[in-house]
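Trainee: Sequence:
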Amino acid sequence: MDNFAFMIHPMDEADVLKKFPAAKYVPDFLIAQILKYVPPFKTSEITGVTSKHNQVHGWFVSCPLTAKQIIGLPEKLVINKIIRAGRVAEKLGAKILGLGAYTKVVGDAGITVARNLNIPVTTGNSYTVATAIEGTKMAASVMGHNLDKANVVIIGATGSIGSVCADILARQVRNLTLVGKDEVKLNKLASRILYDTGLVTKISRDIKQSLKNADIVITVTNSVKVLVSPEDLKPGAVICDVSRPRNVSRQVAELRNDVLVIEGGLVEVPGDVNFNLNFGFPPGMAFACMAETMILALEKRYESFTLGRDLNFKQVAEIDKLAKKHGFKVAGFRSFEKAVTEAEIHNIKNNAMRKVLVTGTV
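For the sequence shown, position 168 matches number 168 in the numbering used here, and the numbering has no gaps at all.
Incorrect hints may appear among the rest.
What the hints assert, rightly or not - In the DSSO-like style, the derived pairs of lysine-lysine whose C-alpha atoms are separated by at most 30 Å in a straight line are: (1) K42 with K76; (2) K355 with K234; (3) K42 with K225; (4) K355 with K202; (5) K185 with K225; (6) K149 with K185; (7) K349 with K225; (8) K324 with K137; (9) K137 with K18; (10) K42 with K19; (11) K300 with K338; (12) K181 with K234; (13) K329 with K18; (14) K137 with K185; (15) K181 with K149; (16) K188 with K137; (17) K314 with K324; (18) K68 with K181; (19) K91 with K212; (20) K338 with K325; (21) K91 with K52; (22) K19 with K68; (23) K349 with K149; (24) K149 with K208; (25) K314 with K52; (26) K349 with K212; (27) K355 with K95; (28) K24 with K52; (29) K91 with K36; (30) K137 with K76; (31) K24 with K149; (32) K95 with K36.
For the record, the hints were derived by calculation from the structure and aren't laboratory data.
Start from the sequences and build out the full structure, keeping to the hints where you can.
Mentor: Written as structure tokens, this is what we have:
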């Protein structure tokens with residue numbers, strides 16, 4: 001049978017407690033210290049991934065480091081541990097490995113990992129882009145936004161996912177703001193978009209200022225901090241948060257009943273899938289980066305499809321086509337682990353209209 005493995009890791013110490021409840025008696029700082037010495041391991045088996053064309057079997061393998069550790073510990077130490085986790089996947093018999101969350105961010109974004117393994121490696125970023133764009137456009141449509149007139153903001157625009165999102169949206173919108181830390185990279189991206197599409201984009205290093213008039217926002221940073229707060233957004237705004245950990249504060253959903261926050265990169269997996277692991281989604285639903293690994297296994301495309309920091313249109317379009325072939329589709333809207341119903345969206349839209357009328361905000 002065709003098969004795959006996908007690498008996961010705890011986002012924080014709270015995630016460790018979900019897997020090892022007895023650790024609740026251990027202080028967070030000590031949990032972090034212990035994790036440095038815990039070897040990678042198989043977390044669970046994945047069964048039932050079935051399309052009209054094939055059926056695949058898989059495993060989750062864990063690289064036991066938190067997001068902060070992956071970013072903050074010496075790079076060589078972290079990459080070596082990711083490689084060791086990859087070897088666990090090899091021993092299980094996986095024919096392709098997907099890198100999840102921060103394991104695909106550190107160092108050269110998977111290239112060194114792939115060189116040190118005997119199976120291909122993919123980051124899943126191509127399908128993440130495809131689903132983020134599709135989900136954002138769907139949400140914008142139901143909220144009544146016209147792409148020709150909307151102010152669109154990409155936070156984390158110079159990253160591998162953000163830059164391709166910018167390239168794609170630059171062909172579909174008229175008002176695009178690129179937000180990032182590095183002004184040189186922002187200018188380079190803006191120049192390339194101007195050359196390729198003719199669209200003059202705005203650039204900014206100031207997130208809060210950029211959000212003031214934003215109708216549609218996509219966040220795709222590698223930050224472990226909250227970047228978007230309730231007071232930053234205008235009524236009726238749509239925010240697609242692709243980042244993990246989230247860039248959008250949970251308080252936005254709690255305090256702002258006039259904006260729509262959706263989780264980016266979520267898809268329904270074909271078949272009677274069982275992940276044997278609870279990561280907060282309904283049955284049969286997964287991150288797009290996970291799905292890319294499954295799609296490649298279903299297609300018998302055992303190659304490092306998405307690797308490094310350079311993505312392009314062709315990759316995104318091809319994986320999107322393969323996803324549709326095998327029955328993967330963008331999930332209904334979800335916000336902070338909960339499904340968003342049509343009635344809730346209707347209420348959000350009405351609340352936004354009322355707030356605009358009362359405050360005069362446009």
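Trainee: Determine for every hint whether it applies to the structure shown.
Mentor: Okay, the hints, checked on the actual structure:
| no. | hint | result |
| --- | --- | --- |
| 1 | K42 with K76 | holds (22 Å) |
| 2 | K355 with K234 | holds (10 Å) |
| 3 | K42 with K225 | holds (29 Å) |
| 4 | K355 with K202 | holds (27 Å) |
| 5 | K185 with K225 | holds (21 Å) |
| 6 | K149 with K185 | holds (26 Å) |
| 7 | K349 with K225 | holds (28 Å) |
| 8 | K324 with K137 | holds (17 Å) |
| 9 | K137 with K18 | violated (34 Å) |
| 10 | K42 with K19 | holds (12 Å) |
| 11 | K300 with K338 | violated (34 Å) |
| 12 | K181 with K234 | holds (23 Å) |
| 13 | K329 with K18 | holds (29 Å) |
| 14 | K137 with K185 | holds (26 Å) |
| 15 | K181 with K149 | holds (26 Å) |
| 16 | K188 with K137 | holds (26 Å) |
| 17 | K314 with K324 | holds (15 Å) |
| 18 | K68 with K181 | holds (19 Å) |
| 19 | K91 with K212 | violated (51 Å) |
| 20 | K338 with K325 | holds (28 Å) |
| 21 | K91 with K52 | holds (29 Å) |
| 22 | K19 with K68 | holds (18 Å) |
| 23 | K349 with K149 | holds (17 Å) |
| 24 | K149 with K208 | holds (21 Å) |
| 25 | K314 with K52 | holds (24 Å) |
| 26 | K349 with K212 | holds (18 Å) |
| 27 | K355 with K95 | violated (53 Å) |
| 28 | K24 with K52 | violated (44 Å) |
| 29 | K91 with K36 | holds (22 Å) |
| 30 | K137 with K76 | violated (39 Å) |
| 31 | K24 with K149 | violated (50 Å) |
| 32 | K95 with K36 | holds (27 Å) |
Consistency with the previously given hints fails for numbers 9, 11, 19, 27, 28, 30 and 31, ordered from lowest to highest.
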